[in-house]
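Listed below are the residues making up each chain.
There are 2 protein chains.
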Amino acid sequence: MHVSELQTPALVLDRAVFDRNVTRMAGLHPGRRLRPHVKAFKSTALARRLVDAGHPGFCCATVAEVLGMAGAGLGDDLLLANETLDPRRLRAMAELDVPVTVAVDSDETVDAAAAAGIPRVLVDVEVGLPRCGCSVDDAGRLADRARAAGMEVRGVMGYEGHVNALLDREERRAAVETAMTLLLRAHDQVGGDIISGGGTMTAELNEWATEVQAGTYVLMDTSFAPHVPFEVAIGVDATVISVSPKGWAVADAGLKAFGMDSGKPSLPGADVWIVSDEHVTFAGLDVSTGDRVRLLPAHLDPTVAKHERMWVLDGDEVVDEWPVDLRGW
Amino acid sequence: MHVSELQTPALVLDRAVFDRNVTRMAGLHPGRRLRPHVKAFKSTALARRLVDAGHPGFCCATVAEVLGMAGAGLGDDLLLANETLDPRRLRAMAELDVPVTVAVDSDETVDAAAAAGIPRVLVDVEVGLPRCGCSVDDAGRLADRARAAGMEVRGVMGYEGHVNALLDREERRAAVETAMTLLLRAHDQVGGDIISGGGTMTAELNEWATEVQAGTYVLMDTSFAPHVPFEVAIGVDATVISVSPKGWAVADAGLKAFGMDSGKPSLPGADVWIVSDEHVTFAGLDVSTGDRVRLLPAHLDPTVAKHERMWVLDGDEVVDEWPVDLRGW
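The listed protein sequences correspond, in order, to chains A and B.
Mapping of the first sequence onto the numbering used here: position 190 corresponds to residue 190, and the numbering continues sequentially without gaps.
Mapping of the second sequence onto the numbering used here: position 158 corresponds to residue 158, and the numbering continues sequentially without gaps.
Read the hints as simulated data drawn from the structure, not as lab findings.
Hints should not be assumed to be uniformly reliable.
Computed spacing ranges between beta-carbons, pair by pair [unchecked claim]:
(1) A/R292 x B/D107: 13 to 23 Å
(2) B/K246 x A/P119: 28 to 38 Å
(3) B/P87 x A/L167: 40 to 50 Å
Okay, derived cross-link-like pairs now, EDC-like style, lysine to aspartate or glutamate, Cα gap no bigger than 16 Å in a straight line [unchecked claim]:
(4) A/K246 x A/D271
(5) A/K246 x B/D138
(6) B/K246 x B/D271
(7) A/K246 x A/D286
(8) B/K246 x A/D138
(9) A/K246 x B/D137
(10) B/K246 x A/D137
(11) B/K246 x B/D286
Backbone N, C-alpha and C fix where the C-beta goes; we use that ideal spot for every residue, glycine too.
Given the sequences, and given the hints that come with them, work out the whole structure.
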């Protein structure tokens, strides 16, 4: 099928660019040194390519992602890099055949994991991003509590996402070092083999973590692409449905097709004016009614999560369909 | 079931507030004077309540919404208030038993509708919002073209969404009048019984349209609520999964649960700091790990579209589950 036959809006990915991103990261962090973050792409079909590229362990943000990966037989070491207190969902993970590890950062999350039969935890440490994670000085105590409850403590994790705003590479490197120094201090008290951290924006810089939790790198977006050695492989194809004599045109992809938290999607060569529920209004590009345009998302993760499938392209040929099958919670 | 037993994040609606909104609008625009816009809530179960409230005609933004409404046997007059050139989707609508009307704004959209066997159209006129719609002076010619192709031209539509930014009521009213004067001029050339326009922000002010296309009013959001006589009936319940000794807390609903184009969700009494993929970080509210919080979306439509279902509440009791079954395209 030619790409122009796809019903729009259509989430499309360029296989050649995707392959380059995967190869580049596998060179930087081979094997288990990368724990790909499933939240970015939410697709078991895509995850299978990362197993093939040598990464057998995965990182998830939701229990639905963990259960879906396990159901697809993917990953031999699944980490829920997030806290949950829900006994039903913790038990569902504890009952899986594949080894699951869960992040904990408080007495309540340690106790909930233990009560549900979760066998392994990582102590989640706050290293500068105001989100989850215990304080460095509390990490050892939580590890002791988890061990006393019969769980294996595999180590620590700490996400230095606050450094992503530092676009100067040296500033960002220094901020990663500060964050990872905190995580190493926590690790001294916690023990275990794992020091898990990082993401696409710090994958090149984080030399302290034993494994990097990057996911965006496989498909990328316009926010991260200028700052890291990975290319945008993803887009949303839309059909021009209206051309105004006043100089603008409208295509059929809008707020229901793009994550908007990091700004509007881009259309190379055009000025994107307005994004409404099912429309994008743009100017500056000479188009006719019926033409196709490809918009690039500002933020990958919430964009992918709006689509039921992504279409894999080899040039202009549609060569595969990868369901986005890990949506929801 | 008590609301605290819902898995989070959970899209919830307060039935009493919903009922008040529906009753208030049915008083303002009874029967066919309101053509509820399905794009706002994307649920046939909810639409059924609007049929019960006396509104038998509906407005859709996507073909999936039209097909889903028809499949559920809802609506005796469905309008696709949007342009499409896709022959497959146009034919699917033309083959429905329920009467369907499609918006057209160009030679291409008229010809595509006619070729697919669409029986009825509205001429979509641009009345100030830079989006779809022909120019006022081209409306009569397009109507003639549609009639010559064998289609019934039911009238005109024009969406004055650009006035939503005018928060002063009198300024907004004047801008609606300007827009509707353009639409009436187009109608003079087009003919037909229908002058379709308006939305939740102009429902009280638009005295020119024969029918109003409002959808947000049923559930509302924090952007529109201060400016119109409808109340927020919707929220996203989340569980507090982490409380920092540094003064912030984190709940388990994030970018995958909220439309972000109109800003961050609100948490009454708290200051919302950061929304990330599966987390919201807030401060100023005294909460403990495991507590529930209810966040209010800044923009309803793209928020609802991120959820598979909404839970209907009578106080703290969950009394119904309405699938969000009209997602996708």
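Outcome of the hint check:
1. Take A/R292 and B/D107: their Cβ atoms lie about 19 Å apart, and the range 13 to 23 Å holds.
2. Taken as a hint, the range 28 to 38 Å holds for the pair B/K246 and A/P119, whose Cβ atoms sit roughly 31 Å apart.
3. In this structure, B/P87 and A/L167 meet the distance hint of 40 to 50 Å, their C-beta atoms being roughly 46 Å apart.
4. For the suggested pair A/K246 and A/D271, the alpha carbons sit about 14 Å apart, so the restraint of at most 16 Å is met.
5. Restraint check for A/K246 and B/D138: satisfied, since their Cα atoms lie roughly 13 Å apart, inside the 16 Å limit.
6. Between B/K246 and B/D271, the direct Cα distance comes to roughly 14 Å. Compliance with the 16 Å bound is thereby established for this hinted pair.
7. Between the alpha carbons of A/K246 and A/D286 the distance comes to roughly 13 Å, so the proposed pair stays at or under 16 Å and holds.
8. This hinted pair checks out: B/K246 and A/D138 have alpha carbons roughly 13 Å apart, not beyond 16 Å.
9. Pair hint A/K246 plus B/D137 holds up; C-alpha atoms about 13 Å apart against a cutoff of 16 Å.
10. Of the supplied pair hints, the one linking B/K246 and A/D137 holds, its CA atoms being roughly 13 Å apart against a limit of 16 Å.
11. For the proposed pair B/K246 and B/D286, the alpha carbon gap of about 13 Å is at most 16 Å, so the pair holds.
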